[in-house]
Amino acid sequence: MPAHIELREITHAYQTDAGPLPVLDNLNIKMAEGSFTAVVGPSGCGKSTLTRLIAGLMRPDEGQVWLGGKMVTSPRPTVGMAFQNPVLLEWRTILRNVMLPLEIVGQRMSRSDQEARARELLSLVGLEGFEDKRPSELSGGMRQRASLCRALVHRPEVLILDEPFGALDAFTREDLWQTMARLRHEEKFTAVLITHDLRESVFLADNIVVLSGRPATSQYVLANTLPADRTLDDLYAQPATEMLAILRHQIQVAQGRAPAEPQEAAQ
Amino acid sequence: MTSLRKFAAPVIAILLFLAGWEWLVWVNGWPTYKMAAPSDLWPAFWKFRWLFLEYGWQTLWRTVAGLALAIVFGVAVGMVMGFSRTVRDGLYPLLVGFNAIPKATVVPILALMFVGQHDMNTILIAFMISFFPIAVSVSIGLSTLEPEYRDILRSLGASQVTVFWKIALPKTLPEFFGALKVSVTLAFIGTNLMEIISPHGRGLGALFDSGKISSDYPLMFAVLIALALLGIVLYYIVVALEKTFAGWAERAPG
Ligand SMILES: Nc1ncnc2c1ncn2[C@@H]1O[C@H](COP(=O)(O)OP(=O)(O)OP(=O)(O)O)[C@@H](O)[C@H]1O
Ligand SMILES: [Mg+2]
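Those protein sequence lines, which keep their order, are chains C and Z.
Remember, my numbering sits 315 above the position in the first sequence when you count from 1.
Remember, my numbering sits 40 above the position in the second sequence when you count from 1.
Because the hints were derived from the structure by calculation, they are not lab data.
Honestly, I wouldn't trust all of these hints.
To be verified - Taking lysine to aspartate or glutamate pairs in the EDC-like style, the calculated list, with each CA pair at most 20 Å apart, reads: (1) Lys503/C to Glu452/C; (2) Lys74/Z to Asp249/Z; (3) Lys74/Z to Glu62/Z; (4) Lys46/Z to Glu282/Z; (5) Lys503/C to Asp428/C; (6) Lys221/Z to Glu282/Z; (7) Lys448/C to Glu290/Z; (8) Lys283/Z to Glu405/C; (9) Lys206/Z to Glu405/C; (10) Lys252/Z to Glu94/Z; (11) Lys206/Z to Glu430/C; (12) Lys448/C to Glu405/C; (13) Lys345/C to Glu472/C; (14) Lys448/C to Glu435/C; (15) Lys206/Z to Glu418/C; (16) Lys143/Z to Asp249/Z; (17) Lys283/Z to Glu324/C; (18) Lys206/Z to Glu186/Z; (19) Lys385/C to Glu321/C; (20) Lys206/Z to Asp447/C; (21) Lys385/C to Glu324/C.
Stated by the list, open to error - Pair by pair, the computed Cβ-Cβ distance ranges are: (22) Arg411/C to Tyr276/Z: 26 to 36 Å; (23) Glu405/C to Ala116/Z: 40 to 50 Å; (24) Arg411/C to Leu134/Z: 34 to 44 Å; (25) Gly359/C to Phe123/Z: 25 to 35 Å; (26) Gly349/C to Val120/Z: 37 to 47 Å; (27) Gly271/Z to Leu336/C: 50 to 60 Å.
No residue lacks a Cβ here, since even glycine has one placed at the ideal position from N, Cα and C.
Please take these sequences and the hints and turn them into a complete structure.
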């Protein structure tokens, strides 16, 4: 199966006052259509940079991003994004917040179709009845749900999530994981999830990419062996515990706190 | 109940203030040339009621014109500074220096530059004194916009202009109105400064000056009160506009 998203030999450095700061170094990742890929790595290693490259918000110094057989050179309307900060617009109701992307890319939809689509998503994430509320009237977890709806309202092919659950408490986060799994079941997209939470990556993703420290390259790729209909309880038993142990170890290697064992280093 | 309180509380406060003032003058037996009492003011108002109306209008429209100019110019400068770091770094010292000049020193210069053009002088000084807070607030509002706000639209291929209209502009409105509240008072001060200082002026400032020349102390105090009233009106117009356009920024009580 051809890759839906492909990062080819991406190398990138930021120009700072103190000179160039290499962030990504010959990074290669492939993601199949409809797959869910989690990317984990040490803090500041270049994960958000990676998302901006995939979204076409910036171009790499070297290498290319391919999306559905086309090279990404600029932003495209087939992408949806959500961040740690839900960045909802306080002056709009939740419904109008969710409909925002359609004002840019939904010209072919009638106004009532747009609204119906937004309402459908809101009820899917459990925000039925909150359509006319302001963001400030919602809890952090609810705001993040609304932000997910906004990212998906225009039926993007690619969903990019940059630590969307990072600022939530542990229980709310687990609720959101289940919401995310439900969304994946109902909607069709290829997802990239940046996260600091290894359990989150094991619960949600098919493949987990561990990035090395900065400048980051793909250090290790783990194929998730949990069944598609996994539950939260599965995270506390085999084979999840073993995968978590491997990931923990790989992160420590990436942080330079543990030696890499040759047979585990992928590629 | 709340609307009654909202209305009655300030009225009672003003009445108490006037009563205290009257009492102070009465107890000390001050003559009007030292300190006029509120009861002395009404006759002065009534005597010059048509002048008050005409000059009050003059002061009002010049202030509003100067402020409108300040809004247009301040928002434009703030936008350029908010979007370009280079412009921001370049313009900031200039703006700060300009703002630091006491405007009373600019008044005679302007009066000389545009001799006889009283309206223009007055509007210009109102503008010059009031655009700074607007420019700074808009530039700060735009430059501190979190990149994620921009990215949710940019990632869909939206232009900078779309991002500005849909997100950046509405998001800076609370800061803008905060600055406008300061600016409206400043513009008012600017207008009066010019009216008082420039010869053959019109407006409430000129009326104050003529009261000074003829040693009509009740008139001078009456002008002060009229100015205060006008200032209150202008300020609350801005507050009403803020409620309409940026009311969402207000937290629900409790
Ligand atoms: N626009 C920029 N200009 C200069 N340096 C930048 C810029 N954006 C990011 N950086 C630097 O590049 C490095 C990688 O940033 P990035 O945000 O991609 O990391 P990250 O892995 O997402 O970090 P975190 O785990 O904190 O989210 C960091 O050291 C950051 O300081
Ligand atoms: Mg990041």
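For each hint, the structure was consulted:
1. In summary, the hint linking Lys503/C to Glu452/C is not supported, as the alpha carbons are separated by about 30 Å, beyond the 20 Å threshold.
2. For the hint pairing Lys74/Z with Asp249/Z, the CA-to-CA distance comes to about 17 Å; that is within 20 Å, so the pair holds.
3. The straight-line distance between the Cα atoms of Lys74/Z and Glu62/Z is roughly 13 Å, inside the 20 Å bound, and the hint therefore holds.
4. A hinted pair counts as satisfied when its Cα atoms are at most 20 Å apart, and Lys46/Z with Glu282/Z qualifies at roughly 18 Å.
5. About 19 Å separates the Cα atoms of Lys503/C and Asp428/C, which keeps this hinted pair within 20 Å; it holds.
6. Only pairs whose Cα atoms come within 20 Å are accepted, and Lys221/Z paired with Glu282/Z is accepted, the gap being roughly 9 Å.
7. With a C-alpha separation of about 15 Å, the suggested pair Lys448/C and Glu290/Z falls inside the 20 Å cut-off, and the hint holds.
8. A hinted pair counts as satisfied when its Cα atoms are at most 20 Å apart, and Lys283/Z with Glu405/C qualifies at roughly 14 Å.
9. Taking the CA atoms of Lys206/Z and Glu405/C, the gap is about 12 Å. The hint holds against a cut of 20 Å.
10. As the CA atoms of Lys252/Z and Glu94/Z are separated by approximately 19 Å, the hinted pair is consistent with the 20 Å bound.
11. For the proposed pair Lys206/Z and Glu430/C, the alpha carbon gap of about 18 Å is at most 20 Å, so the pair holds.
12. Between the alpha carbons of Lys448/C and Glu405/C the distance comes to roughly 10 Å, so the proposed pair stays at or under 20 Å and holds.
13. Proximity of Lys345/C to Glu472/C is assessed by CA-CA distance (about 15 Å); at most 20 Å being required, the pair is judged to hold.
14. At most 20 Å may separate the alpha-carbon atoms for a hinted pair to count; Lys448/C and Glu435/C meet this at roughly 16 Å.
15. With a C-alpha separation of about 10 Å, the suggested pairing of Lys206/Z with Glu418/C holds against the 20 Å cut-off.
16. With a CA separation close to 18 Å, the supplied pair Lys143/Z and Asp249/Z stays within the 20 Å bound.
17. Under the criterion of a C-alpha separation no larger than 20 Å, the hint pairing Lys283/Z with Glu324/C is inconsistent with the structure, at around 53 Å.
18. At most 20 Å may separate the alpha-carbon atoms for a hinted pair to count; Lys206/Z and Glu186/Z meet this at roughly 14 Å.
19. Restraint check: the Cα-Cα separation between Lys385/C and Glu321/C comes to about 10 Å, which is no more than 20 Å; the hinted pair holds.
20. A hinted pair counts as satisfied when its Cα atoms are at most 20 Å apart, and Lys206/Z with Asp447/C qualifies at roughly 19 Å.
21. Only pairs whose Cα atoms come within 20 Å are accepted, and Lys385/C paired with Glu324/C is accepted, the gap being roughly 16 Å.
22. Restraint check, Arg411/C to Tyr276/Z: a C-beta distance of roughly 30 Å satisfies the suggested window 26 to 36 Å.
23. Range check, Glu405/C to Ala116/Z: Cβ separation about 25 Å, and the 40 to 50 Å hint is violated.
24. Checked against the hint of 34 to 44 Å, the pair Arg411/C and Leu134/Z passes, with Cβ atoms roughly 40 Å apart.
25. Between Gly359/C and Phe123/Z the C-beta distance comes to about 27 Å, which sits within the given range of 25 to 35 Å.
26. Gly349/C and Val120/Z have their C-beta atoms about 45 Å apart, which keeps the hinted 37 to 47 Å range intact.
27. Take Gly271/Z and Leu336/C: their Cβ atoms lie about 53 Å apart, and the range 50 to 60 Å holds.
Violation of the numbered hints given earlier is confined to hints 1, 17 and 23; the remaining hints are satisfied by the structure.
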